[in-house]
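Visitor: Put chain B on the given structure of chain A with help from the hints.
First to last, the protein sequences are chains A and B. Residue 164 in my numbering sits at position 164 of the first sequence, with consecutive numbering throughout. Residue 103 in my numbering sits at position 103 of the second sequence, with consecutive numbering throughout.
Hints should not be assumed to be uniformly reliable.
Identical copies look the same in the list; a pair holds intra-copy or inter-copy alike.
[Claimed, not checked] Derived PhoX-like pairs (lysine-lysine); straight-line CA-CA distance at most 20 Å: (1) K155 <-> K183; (2) K155 <-> K237; (3) K53 <-> K175; (4) K248 <-> K182; (5) K176 <-> K211.
I should point out that these hints are in silico values taken from the structure, not numbers from a laboratory.
Protein chains: 2
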Amino acid sequence: MVNKRPGNIFIIGIGPGDRAMMTDEAFTAMEDADVIVGYTVYIDLVRNVFTDKRFFTTPMRQEVERCRACFDFALEGDNVAFICSGDAGVYGMAAPMYELLPEYLNRGITADNLIVIPGVTAAISGAAVLGAPINHDFCVISLSDLLTPWEIIEKRLMAAINGDFAIVLYNPSSKKRNDYLKKACDIMLSAGAGEDRACGYVENIGREGTKSTVCTLKELKDTQVNMFTTVFIGNSKSEVINGKLVTKRGYKI
Amino acid sequence: MVNKRPGNIFIIGIGPGDRAMMTDEAFTAMEDADVIVGYTVYIDLVRNVFTDKRFFTTPMRQEVERCRACFDFALEGDNVAFICSGDAGVYGMAAPMYELLPEYLNRGITADNLIVIPGVTAAISGAAVLGAPINHDFCVISLSDLLTPWEIIEKRLMAAINGDFAIVLYNPSSKKRNDYLKKACDIMLSAGAGEDRACGYVENIGREGTKSTVCTLKELKDTQVNMFTTVFIGNSKSEVINGKLVTKRGYKI
Numbered sequence: 001m002v003n004k005r006p007g008n009i010f011i012i013g014i015g016p017g018d019r020a021m022m023t024d025e026a027f028t029a030m031e032d033a034d035v036i037v038g039y040t041v042y043i044d045l046v047r048n049v050f051t052d053k054r055f056f057t058t059p060m061r062q063e064v065e066r067c068r069a070c071f072d073f074a075l076e077g078d079n080v081a082f083i084c085s086g087d088a089g090v091y092g093m094a095a096p097m098y099e100l101l102p103e104y105l106n107r108g109i110t111a112d113n114l115i116v117i118p119g120v121t122a123a124i125s126g127a128a129v130l131g132a133p134i135n136h137d138f139c140v141i142s143l144s145d146l147l148t149p150w151e152i153i154e155k156r157l158m159a160a161i162n163g164d165f166a167i168v169l170y171n172p173s174s175k176k177r178n179d180y181l182k183k184a185c186d187i188m189l190s191a192g193a194g195e196d197r198a199c200g201y202v203e204n205i206g207r208e209g210t211k212s213t214v215c216t217l218k219e220l221k222d223t224q225v226n227m228f229t230t231v232f233i234g235n236s237k238s239e240v241i242n243g244k245l246v247t248k249r250g251y252k253i
Numbered sequence: 001m002v003n004k005r006p007g008n009i010f011i012i013g014i015g016p017g018d019r020a021m022m023t024d025e026a027f028t029a030m031e032d033a034d035v036i037v038g039y040t041v042y043i044d045l046v047r048n049v050f051t052d053k054r055f056f057t058t059p060m061r062q063e064v065e066r067c068r069a070c071f072d073f074a075l076e077g078d079n080v081a082f083i084c085s086g087d088a089g090v091y092g093m094a095a096p097m098y099e100l101l102p103e104y105l106n107r108g109i110t111a112d113n114l115i116v117i118p119g120v121t122a123a124i125s126g127a128a129v130l131g132a133p134i135n136h137d138f139c140v141i142s143l144s145d146l147l148t149p150w151e152i153i154e155k156r157l158m159a160a161i162n163g164d165f166a167i168v169l170y171n172p173s174s175k176k177r178n179d180y181l182k183k184a185c186d187i188m189l190s191a192g193a194g195e196d197r198a199c200g201y202v203e204n205i206g207r208e209g210t211k212s213t214v215c216t217l218k219e220l221k222d223t224q225v226n227m228f229t230t231v232f233i234g235n236s237k238s239e240v241i242n243g244k245l246v247t248k249r250g251y252k253i
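Next comes chain A alone, as it looks inside the complex (with noise of 0.2 Å):
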């Protein structure tokens, strides 16, 4: 039995999926590909533009099968376009490919197979819409706890805020963790964080709907977002500078 030379397997940020906001190595890497593999969601906003690919989807949940597809398919030689929205090194799909790949590496597939290829995180897209919030340190956190404690957040929340940091919220809200947003709000301000705070937020970054909307602290904490939102708080400094959300880096204007 002659064993079959492995494929590569690209894990792709592909931005907020508009083929503008893609970087040119994302989309050469999916049209090179043999089969693209992504979450149903990511795969419906590219397979109308690569229409003679194999696609494979696994839904919400199914993360770990999905790696474990990919390395199905290269095993079998095919060169793999694993997708991810925004950056796949952001809380995205490169992490548990390397955790699985040592299961692997005894088929054949080496570390030089996985090739990372970055992209635009809704931290930056969003920031670009909102103005310039993240224009100095900060810090990126998700408040989803399916994955992580929630006293671990908790504990990051308090400390972006002593450490006087921008922050980026992800995941802020979902059908059964509609308070999130308001719970870490209260953190953030029980740590110190003025109730005038310059924030904002950013729907449907780089789709259809963009819609940011700026506003304080006190106001995000009565705010209902959606999944499909990303929030910023700024910094003690941080200002609204006609409408725009502005954290300075301190040239002398």
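Guide: Chain B alone, transformed into the frame defined by chain A:
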């Protein structure tokens, strides 16, 4: 006298510089512009691609003059591509542009004339080379104290360790600050990070001579990096897997 209708200013993150790592909208905005403005080094990255354009450069430390030049071109009716390496909103020129905007409002430029086009910042592109070092909550901190008092940098390093974030360090060194990475490592160690904390750094991301190294925090402390290096500190659970730096999200593998 008839006032000219002002042009638009596209504040563009070009990523590391290579076309393959640029988004399409970044490239198109440069293609469509009348004049391309930027720091001398970044303009050299695109000068050969857009041979028919006018260019305007200023050296380092003349960032505000560079911003003002963009407004002046726009007042003449030119569409301006103002390029920044990485992302324009991460230690880039987006914030100072919004800070200057109020001075130009009475001359007809509004917030709608400033359009930020997001790009792949070094935290994202460097992470892709190292593996998946920021695949969970993370902080980005610049070690440059040109515009930020060192005490604030120190406070943020400590807060980042207290919150158990993965950490990305920008500007870890310069000619005058060749011991700053060592100082930063000492602060993180004193804040409770273990000497064996998994770390890594990448030189010349996305450019010729890209080189990545994985090491411990103790080793990092004694490493001399150059100014074209981005440094990554794992969180307390980050691991090196097959030579890659991986910060797990928490999937059950």
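Visitor: Which earlier hints turn out false for this structure, listed by number in ascending order?
Guide: Result: hints 3, 4, 5 break, sorted rising.
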